[in-house]
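Participant: The lines below spell out each chain.
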Amino acid sequence: MTDTPAIAIAEPVEALRRAQQGKSYWKRVWERLRRDKVTLAMAAILIALLTMVIFAPWFTAHDPYQGSVLRRLKPIGFPGHWLGTDEVGRDLWSRMVYGGRLSLLAGVMPVFLALLVGGFLGILAGYAGGLVNSAIMRLADVLYAFPSILLAIAITGILGAGLKNTILALTIAFVPPLVRISEAVTTQARHLDFVEAARASGAGTMRILQYHILSNVLGPTLVYATSLISIGIILAAGLSFLGLGVTPPNAEWGLMLNNLRQALWVDPVICALPGVMIFITSMCFNLLSDGLRQAMDVRL
Amino acid sequence: MWAYIVRRLLYAVPILLGVSMLVFALIHLAPGDVVDLLVPPEVPKEIADSLRARFALDQAVYIQYFAWLGRLLVGDLGISFFTNRPVADELFSALGNTLMLALPAALLGFSLGVVLGALAAFNRGTWLDKAFSATAITGVSLPHYWVGIVLVAIFSVILNVLPAQGMGGSGFPTSWEQARHLILPVVTLSLIPMGVISRLVRANVLEILSHEFVGTLHAKGLLSRRVLYHVMKNAAPSALALMGLQFGYLLGGSILVETVFNWPGSGGLMNLAIFRRDVPVLSATILVLATIFVVINILVDVLQALIDARMRR
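Order-wise, the sequence lines are chains A and B.
Quick note: the first sequence uses the working numbering, first residue 1, plus one each step.
Quick note: the second sequence uses the working numbering, first residue 1001, plus one each step.
Don't read these hints as lab results, they were simulated from the structure.
Predicted, not measured: the structure shown is a model, and the values here were computed from it.
Each residue gets a CB set at the ideal place from its N, CA and C atoms; glycine is no exception.
Any given hint might turn out to be false.
[Unchecked claim] A few chain A residues that face chain B, going by a derived Cβ cut-off under 7 Å, partial list only: (1) 61; (2) 63; (3) 137; (4) 234; (5) 278; (6) 282.
[Said to hold, decoys possible] Here are the simulated DMTMM-like pairs of lysine to aspartate or glutamate, each with C-alpha atoms no more than 20 Å apart in a straight line: (7) B/1130 x B/1207; (8) B/1233 x B/1212; (9) B/1045 x B/1058; (10) B/1130 x A/290; (11) A/37 x B/1129; (12) B/1233 x B/1308; (13) A/27 x A/297; (14) B/1233 x B/1207; (15) B/1130 x A/31.
All chains, full assembly: derive it from the sequences and hints.
Facilitator: Structure, rendered in structure tokens:
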């Protein structure tokens, strides 16, 4: 647990050679991404999913909250409800599309917040060193002593269910690894010759942070953060599945899975459907993160 | 080596203190105090206050913390609000049940992961590599609680060959009838470790194969079996570290799969404690699981140091 992740910063010679090719780092990353068919396909699926979820009313014919006692648990292909209906007769397709709103929000938002908080604390710890570093890193170590699922469940379990607490819990669970990575890279970059040279030539702290530290920290932390999104989606839905996340009657994939579980012996196919959405989304984010890691040439 | 172990153990002390403070703080951040949970609102204030005095809730927060910590250190985890039994009794029998799932799941997941990852790396670029890599990424992308539901749907509801719920008895399974209950949850739990480990092993082995010493080993005329040994030995430390983490996640994250299968383990206990607002059980479970996680990490670090002397910093 005392180990800091070994992250390689490209050799200056190598960086120079690349710079002499006349293309910026980000331009080359984009070129590599453009050639990566799998990553592009995943991005396309996610964009399609996002469009569908945001403009949900255009893609659905039924109100996701309107149930009917007469139409409970209709099978796939039932006239008017092509994916069938749930345990209180609500259209399953509508609920799956609308459900993406909360599932994606609760899965992605914590990663974004943790990236901001963890990145800031990590850079602060790495750049300031000394006591500030010890204080921040020991705090991260304490949070690290919990498996992230356990920490998230402990926080929502004690503070209560709901979207806000879910996002808070997952953010806290995701901060420690991001602090560690950004701290490790910052500490490493701070002692590089060109940073020393910049300091010697009179560059201010903010300027060094902006040009030298941030540009080095951004790659690894961003790649790591994207790999957390899939875990975020699975855990956020998992919390709702336990009844600790989003509260009924909201449409959310994990919560739907939980509610439909009672009907498992009536129609097993219908009951498993919401999980397909969680799986597809997390798979896409995983493959996207893999592609990004390769394109950005980051080793974590 | 001993110096390293002692240093590693000493380092765990402040971490565990921090963990206990965090758990304590969380419980005190919860809306309302314990007495509000225990007694109905129409109970006279004097009685509620006398209860507060009995639980030392009228004392300063730091005094309450040290009193709680002192009890923890002598192994007193408190009394359950709900069952009125000592928390330690309930927790340790539940932990045993969780281990009954986690150990076989870890064994299955880790061994499959190592084999798939190594085979993929040694056959880089072939269809075998692609198939194994696809299996691995599916393993890490699947929400395991959903896999549990799907497995129940297939093997219990549709085929009716395996039990869907519970342990089918208590204690260590002695009959096939009871052991059958293990199959679905163990398979479900093994998926994530399988995927995670196989991805790491594949990347590690590829890394090592690109080093010059592997060519030297071949040039020295070493049998490929011996080369494999050297490669795997170099890949082992980081794989071990990840296995430790994953085993911790199996224990800490057992709540999801245990809920699906109604398994009376530590996760199931935690779930009950949350919905019954049984604070002593909840805090003890979180604390004990986190402590186990810390201990596993120490063991892994020591094991790593045994394999690779460079780790003994």
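Participant: Now look at each hint and say whether the structure bears it out.
Facilitator: Now the hints, each set against the structure:
{"no.": "1", "hint": "61", "verdict": "violated (26 Å)"}
{"no.": "2", "hint": "63", "verdict": "violated (26 Å)"}
{"no.": "3", "hint": "137", "verdict": "violated (12 Å)"}
{"no.": "4", "hint": "234", "verdict": "holds (5 Å)"}
{"no.": "5", "hint": "278", "verdict": "holds (5 Å)"}
{"no.": "6", "hint": "282", "verdict": "holds (5 Å)"}
{"no.": "7", "hint": "B/1130 x B/1207", "verdict": "holds (18 Å)"}
{"no.": "8", "hint": "B/1233 x B/1212", "verdict": "holds (16 Å)"}
{"no.": "9", "hint": "B/1045 x B/1058", "verdict": "holds (13 Å)"}
{"no.": "10", "hint": "B/1130 x A/290", "verdict": "holds (14 Å)"}
{"no.": "11", "hint": "A/37 x B/1129", "verdict": "holds (18 Å)"}
{"no.": "12", "hint": "B/1233 x B/1308", "verdict": "holds (9 Å)"}
{"no.": "13", "hint": "A/27 x A/297", "verdict": "holds (13 Å)"}
{"no.": "14", "hint": "B/1233 x B/1207", "verdict": "holds (13 Å)"}
{"no.": "15", "hint": "B/1130 x A/31", "verdict": "violated (24 Å)"}
Figure legend: structure checked against the earlier numbered hints; hints not met, in rising order: 1, 2, 3, 15.
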